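So you can see what is in the structure, the chains are spelled out below.
Protein chains: 2
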Amino acid sequence: MRRSVLARTRACLLVGLTLGACVRVSPRSADTPVDARAAVPLPSWSATPSRDRILAFVAAVTTPGGADYVPPSARVAVFDNDGTLWSEHPFYFQFLFIIDRVRELADAHPEWRDTPPFKFVLENDHDALLASGKEGLMELLMATHAGLTTEEFTDVVRSWTASHRHPRFDRPYTELVYQPMLELLDLLREHEFKVFIVSGGGLDFMRAWVESVYGIPPERVVGSTLGARYELRDGKGVIVKIPEIDFIDDGPGKPVGIQRFIGQRPILAFGNSDGDLEMLQWTRQGNGPSLVGLVHHTDANREWSYDRESKIGHLDRAWDEAQRDGWVIVDMKEDWKVVYPFETPTNAGTEGSAVSD
Amino acid sequence: MRRSVLARTRACLLVGLTLGACVRVSPRSADTPVDARAAVPLPSWSATPSRDRILAFVAAVTTPGGADYVPPSARVAVFDNDGTLWSEHPFYFQFLFIIDRVRELADAHPEWRDTPPFKFVLENDHDALLASGKEGLMELLMATHAGLTTEEFTDVVRSWTASHRHPRFDRPYTELVYQPMLELLDLLREHEFKVFIVSGGGLDFMRAWVESVYGIPPERVVGSTLGARYELRDGKGVIVKIPEIDFIDDGPGKPVGIQRFIGQRPILAFGNSDGDLEMLQWTRQGNGPSLVGLVHHTDANREWSYDRESKIGHLDRAWDEAQRDGWVIVDMKEDWKVVYPFETPTNAGTEGSAVSD
Numbered sequence: 048m049r050r051s052v053l054a055r056t057r058a059c060l061l062v063g064l065t066l067g068a069c070v071r072v073s074p075r076s077a078d079t080p081v082d083a084r085a086a087v088p089l090p091s092w093s094a095t096p097s098r099d100r101i102l103a104f105v106a107a108v109t110t111p112g113g114a115d116y117v118p119p120s121a122r123v124a125v126f127d128n129d130g131t132l133w134s135e136h137p138f139y140f141q142f143l144f145i146i147d148r149v150r151e152l153a154d155a156h157p158e159w160r161d162t163p164p165f166k167f168v169l170e171n172d173h174d175a176l177l178a179s180g181k182e183g184l185m186e187l188l189m190a191t192h193a194g195l196t197t198e199e200f201t202d203v204v205r206s207w208t209a210s211h212r213h214p215r216f217d218r219p220y221t222e223l224v225y226q227p228m229l230e231l232l233d234l235l236r237e238h239e240f241k242v243f244i245v246s247g248g249g250l251d252f253m254r255a256w257v258e259s260v261y262g263i264p265p266e267r268v269v270g271s272t273l274g275a276r277y278e279l280r281d282g283k284g285v286i287v288k289i290p291e292i293d294f295i296d297d298g299p300g301k302p303v304g305i306q307r308f309i310g311q312r313p314i315l316a317f318g319n320s321d322g323d324l325e326m327l328q329w330t331r332q333g334n335g336p337s338l339v340g341l342v343h344h345t346d347a348n349r350e351w352s353y354d355r356e357s358k359i360g361h362l363d364r365a366w367d368e369a370q371r372d373g374w375v376i377v378d379m380k381e382d383w384k385v386v387y388p389f390e391t392p393t394n395a396g397t398e399g400s401a402v403s404d
Numbered sequence: 048m049r050r051s052v053l054a055r056t057r058a059c060l061l062v063g064l065t066l067g068a069c070v071r072v073s074p075r076s077a078d079t080p081v082d083a084r085a086a087v088p089l090p091s092w093s094a095t096p097s098r099d100r101i102l103a104f105v106a107a108v109t110t111p112g113g114a115d116y117v118p119p120s121a122r123v124a125v126f127d128n129d130g131t132l133w134s135e136h137p138f139y140f141q142f143l144f145i146i147d148r149v150r151e152l153a154d155a156h157p158e159w160r161d162t163p164p165f166k167f168v169l170e171n172d173h174d175a176l177l178a179s180g181k182e183g184l185m186e187l188l189m190a191t192h193a194g195l196t197t198e199e200f201t202d203v204v205r206s207w208t209a210s211h212r213h214p215r216f217d218r219p220y221t222e223l224v225y226q227p228m229l230e231l232l233d234l235l236r237e238h239e240f241k242v243f244i245v246s247g248g249g250l251d252f253m254r255a256w257v258e259s260v261y262g263i264p265p266e267r268v269v270g271s272t273l274g275a276r277y278e279l280r281d282g283k284g285v286i287v288k289i290p291e292i293d294f295i296d297d298g299p300g301k302p303v304g305i306q307r308f309i310g311q312r313p314i315l316a317f318g319n320s321d322g323d324l325e326m327l328q329w330t331r332q333g334n335g336p337s338l339v340g341l342v343h344h345t346d347a348n349r350e351w352s353y354d355r356e357s358k359i360g361h362l363d364r365a366w367d368e369a370q371r372d373g374w375v376i377v378d379m380k381e382d383w384k385v386v387y388p389f390e391t392p393t394n395a396g397t398e399g400s401a402v403s404d
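Quick mapping for you: the protein sequence lines, in order, are chains A and B.
Throughout the first sequence, residue numbering follows the working numbering, covering 48 to 404 in sequence.
Throughout the second sequence, residue numbering follows the working numbering, covering 48 to 404 in sequence.
Simulated from the structure, these hints should not be mistaken for laboratory data.
The list treats identical chains as interchangeable, and a pair is accepted whether it falls inside one copy or across any two copies.
The calculated SDA-like cross-link candidates involving lysine to any residue, where the alpha carbons are at most 25 Å apart (straight line), are: (1) LYS181 <-> ARG205; (2) LYS181 <-> ARG276; (3) LYS283 <-> GLY335; (4) LYS283 <-> ARG331; (5) LYS358 <-> PRO163; (6) LYS181 <-> GLU278; (7) LYS181 <-> ASN171; (8) LYS181 <-> HIS211.
Bear in mind the structure is a predicted one, so any value in this text is a computation, not a measurement.
Using the sequences and the hints given, assemble the complete structure.
Next comes the structure, spelled out in C-alpha cells:
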C-alpha cells in the first residue's frame, strides 16, 4: 500500500505534475535504470551549490572516458537512515516502535515495572529513557524481540508501521521520508550506482519496510543485529532472534559493517550525525573520486532544527570534519524546496506541518 | 588476468567454438542479462534428468503468468563454494593457502614449532592437521591474518592465487572451478536471478578472486568472518582483522548468514556436503517453488570420488535427506561432459588430469 502511494508521489514530482493529475507508475526494481532524460534531475532541490556538486559528481563518475570515470561495479553509495533518509525526532522511530512493543508485552512481564529501562517506558519517563542511551535501547530491543522468528518479527514491524502514526504529523512513520533524498536515490540508481543503507538501526526492523518505501532491496541494507539461531520446529527450519547483541552498526562500526556486507569502499556517502563520521571518513579517503555529505537539520518549521546540542542526531565532531574537509552540507531549509513527499505544490500548508514555501 | 581467460573459455563453450577460434568477450556485470537466445543452455551438461529439472525450474519461475512465476526481486540463488563451485581436494584450498602462509610467517614465530596446530603444519603432519578440524583451521587463520588490514589481506590472497599451483593439476587453484556450474551461474543471471555464494570459507579470502572467476561481486558473497576494527593510522582510516571468530557460516550458520546478509529466503540452492544441509532445508521449505541440489563427487578420474567417508566434503545426513526429499543430485561423472574449463573438446586428454570423454 505504502509503495504505490510513495511511488506515485515520487514519479509525479519528477515530472512536475500535481498528485491529482498524476498517472500511476509501476514499481521498479532497484537494478532497473529508467530513462532519465525525461526528468529534471533532483526537482525538489533548490539550485544551490549542494545540488550542483551532487550533479557534477554523478556526471563526473559516470561519463565514459572522463578522468574521474568509475565503472558501475564500483559505484557504491551508502546512506545513513535516521535523520538522513527519514526523520528521527522526537525519538528514533525504532525507539518509538520498541516503546510501543514494551507496552504491549508489559502484562506478561510484571518484573518490568521495577526494572530500568523498562520502568522508564511504563512510567513515560522520556528523559530517563533517553539518558539510558543506545545501551538502554539495545536492552529494550533484545528483551522485546527475543524468541521471535525473523518472519514473526517482520509481521510485527509491518503491523506497527501500518497502525501507528507520528505524534506531530499524524501520519504513518513511513511517510516521514525526505522527498529530496528519494530523488537522490533514484538519480543514483538511474546512473547504475549500487545504493545501500548503512544504519545504526536494526537490520530486520528496516528490512520490513525499506524496499516498499525507498526501493532498496533487503540485501542492500546494513544495520545493527541481534544474534540469531537456526532451529527445527516440528521439522521446519526457523531462524530465531536471540537476546544478545551481534553487531552495532554505528560510529566506527559503520566502516566495519560496510566491509563485511558490501566488501568494497563506497564512493558516495551521506549521513547527518557523529555516528556517521567514520563511514564518511572511510568513503572520503578512497583512492578515487568521492563525494560525502551531511544533511543538516535547519528547518524547525517544516521538520526540526538541531545539531551540536541534540541527543538524537548529535552532530559535532562530524560537523567540524565536514568544514575542514569540504564535505557537502545540505541545509534542509535552504537546499530543499520540499521536505516530505506529502508537501506537493498543491497541498502545501494544508498538512499537519506548516510548510514555509 | 584470470578473468579474461575464464570469461573467454566460458563464452567459447557457450557458443560451441574452440578456444583457438574464439573471439574475446567483454566481462559483464552480475546484473546485466545477456541475450540468451543465441546460446544452448548448459552446454557442458549431459541431457540427463538433472539438467532437465534445472532448466524446467528456471523456465517455471521466470515465465510471466505461470503458476510458479517468481518476480526477479525474489529470485535469490545461493551456492556453496568448496566442492560445489570449485574443487576441495586434497584439502580445502583456503586450508592450503593458510598452510603456505604459516610457513611464510614461521621464522617470526618460533613458538609455533611446539604449538598445535601450527606444529602439524611445520612438520607436514597432514593427518593431525585434518584431525584438528574446523576449529584448528580457524585458529591457524586467526593467527596468520590478525593485524593485517583488509586491503593488505586482499593483496596477500591475490599474490597467493597468482603464484601457487594445485599439486595434482599443476594449475592455479582458480582454474579448478566447475565449467558446468559457471554455465549455471550464467543461466541464472541471464534470467535475472540474484546469485550469491554462501560458503564456510573466509569472506575476505573469497572476495579477493570470486568476482574475476565467477562474475559474483563482493556484496554477493556470504562467508565466515573474523572480527574487524576500524582505526586511524596516520590520520587515515583502516579496517584491521582481529584474532577472534566473528561468524562461522557453516551448517546451521548458513541460514543465519543468508538471513543476515541477504534478508530473504532463496528459491534455489546448491551444495555438496553436510555443511550445506540446513541451507538446503531452509531453501526447500519456503512457501513458493524451490529447487535444491547436491553436487555428488563421483569421478575419481577427472576430479575426485567421495561422500560419506570423506573428512573433506563429508556427505552423509544431507545425502539421506536429499533421497527422502527428492533433491536434484548432480552426478559429476554422468551429468557433466566437462568438469574444468580447461577440458575443452579440442584438448581433452592433454591436461594433467585424464579426461574420460
